[in-house]
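Q: So you can see what is in the structure, the chains are spelled out below.
There are 2 protein chains.
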Amino acid sequence: MNGDAGKVYLVGAGPGDPELITVKGLRLLREADVVLHDRLLNEKLLRDLKAEIIDVGKAPGKHKLSQEEINELLIEKAREGKIVVRLKGGDPYLFGRGGEEALALREAGIPFEVVPGVTSAIAAPALAGIPVTHRGISTALTVVTGHEEPGKDKELDWHALARLGGTLVVLMGVGRIRENTSMLLDGGLSPQTPAALIERGSWPDQRCVRGTLGDIAERASSSGVKSPAVLVVGDVVDLERYLRQRRIAI
Amino acid sequence: MNGDAGKVYLVGAGPGDPELITVKGLRLLREADVVLHDRLLNEKLLRDLKAEIIDVGKAPGKHKLSQEEINELLIEKAREGKIVVRLKGGDPYLFGRGGEEALALREAGIPFEVVPGVTSAIAAPALAGIPVTHRGISTALTVVTGHEEPGKDKELDWHALARLGGTLVVLMGVGRIRENTSMLLDGGLSPQTPAALIERGSWPDQRCVRGTLGDIAERASSSGVKSPAVLVVGDVVDLERYLRQRRIAI
Chain A
1 MNGDAGKVYL VGAGPGDPEL ITVKGLRLLR EADVVLHDRL LNEKLLRDLK
51 AEIIDVGKAP GKHKLSQEEI NELLIEKARE GKIVVRLKGG DPYLFGRGGE
101 EALALREAGI PFEVVPGVTS AIAAPALAGI PVTHRGISTA LTVVTGHEEP
151 GKDKELDWHA LARLGGTLVV LMGVGRIREN TSMLLDGGLS PQTPAALIER
201 GSWPDQRCVR GTLGDIAERA SSSGVKSPAV LVVGDVVDLE RYLRQRRIAI
Chain B
1 MNGDAGKVYL VGAGPGDPEL ITVKGLRLLR EADVVLHDRL LNEKLLRDLK
51 AEIIDVGKAP GKHKLSQEEI NELLIEKARE GKIVVRLKGG DPYLFGRGGE
101 EALALREAGI PFEVVPGVTS AIAAPALAGI PVTHRGISTA LTVVTGHEEP
151 GKDKELDWHA LARLGGTLVV LMGVGRIREN TSMLLDGGLS PQTPAALIER
201 GSWPDQRCVR GTLGDIAERA SSSGVKSPAV LVVGDVVDLE RYLRQRRIAI
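Each protein sequence line maps, in turn, to chains A and B. If you read the first sequence in the UniProt record's numbering, its first letter stands for residue 1, the second for the next number, and so on. If you read the second sequence in the UniProt record's numbering, its first letter stands for residue 1, the second for the next number, and so on.
I should point out that these hints are in silico values taken from the structure, not numbers from a laboratory. Built from N, CA and C at the ideal position, the CB exists for glycine as well. Some clues are possibly wrong.
One side of the interface only, derived from the structure: several residues of chain A facing chain B at Cβ under 7 Å [what the hints assert, rightly or not]:
hint	residue
1	Y93
2	V118
3	P131
4	V132
5	A140
6	T142
The calculated label-pair distances, taken between Cβ atoms and stated as ranges, are [what the hints assert, rightly or not]:
hint	chain 1	residue 1	chain 2	residue 2	range
7	A	K226	B	K64	44 to 54 Å
8	A	R27	B	S227	24 to 34 Å
9	B	D238	A	R27	26 to 36 Å
10	B	W203	A	R27	13 to 23 Å
11	A	W203	B	D48	29 to 39 Å
12	A	G175	B	G136	31 to 41 Å
13	A	R30	B	S182	43 to 53 Å
14	A	I54	B	G188	39 to 49 Å
15	A	R178	B	K44	43 to 53 Å
16	A	D4	B	A5	53 to 63 Å
17	A	E218	B	R178	42 to 52 Å
18	B	D48	A	E43	30 to 40 Å
19	A	Q192	B	E43	43 to 53 Å
Take these sequences, add in the hints, and give me the full structure.
A: Laid out in structure tokens, this is it:
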């Protein structure tokens, strides 16, 4: 605990494997007085901490805090002079709403610092054997989220996405997979474009379902893929057959 | 060291700050018999290791190994039964040529594993105060490299990039900044589009030069920005004035 003003660290927890948090992230967790975390985080990260631990996520049956309530809680705890870690899945500034929390802290005059993390947009494909870029195959990576809130944001130009080529990664890729793959096909991508869906990337029960842009929605449905899952579209998906990880204990 | 067959770990070192490597990456460095690393890595990561340390990068005046020579060295060391860490800046599979090394290892029958890292494509902007996505401002991130090798790869469609909007991050963004910003302007992006160049993201001497798509090349030149630097183009750059990190020691 600190004399007068506390500080908030917006920390990326990485994709799920507790060893894929950064050294700095783990150090701050151990030093923190308070940890606010989302659902879907690996509970192993929260073991043996001295901090007060607050789940602000959507645990079933529990009250989920709104973004405004989370912001207020961060400010309140910091004003008590505490070192606060706001632990977020993946990276705080890539679809993590970390920017909104940072703006709220800045407006309240609370010192804060962002600690980047490993994003599942790159790690989930990698651990399934799919490099998101590869010489001669793909020289661009685009990351979007599958759950756009209509009206809240500028609409994504899925036709431009289709034209850009390269590799497309859709975070939260399973809920609206039919709509999203349809828009890419409408935009001109071939239904033969390789596609894969990685469920629970970096967790022990990680699973990869492969197919094409034309059939991945159907395969996802018949395989029962559930959230969280990352959709990857592009020729790099073909590398999976060579690069998928064989689990070898050494 | 291992009985018969060794193993190669393709490990992302993160953007530069030695605390931004993953917990797993650091553990493997400490366990390794051999570490092959690139230039531009923070030397602090290589301190106090028991491993043989081999610099395969472009250290001035020294012989730089070709990709094929690196692949052969990885295979040779693993065949000696050694645990080998191939340490790469950022993430091994995002413009890190990790996929090529993995393919070579697979062909040689060497067990390997990829350990994702924090990419400077997201971390460098974040640490300069620029979230690469932000609700209401940008819902897509595209990452490319500024140093395309003509003829070696499919050409990037910079016009489609311009049309997509969202946030564009150009790794190795300074060498060809004039050509690249010109193509984006030709593609239809406004010269008023906010742009920033982050030099040595996450290092103690990190520096951010802000401007617009129309003037960032000139500003980079007059400020003497050198490689490595990450170019960020998009409206999220305007958040930098609110979210830039004030260094406060706690």
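Q: Give me the numbers of the hints this structure contradicts, sorted from smallest to largest.
A: 12
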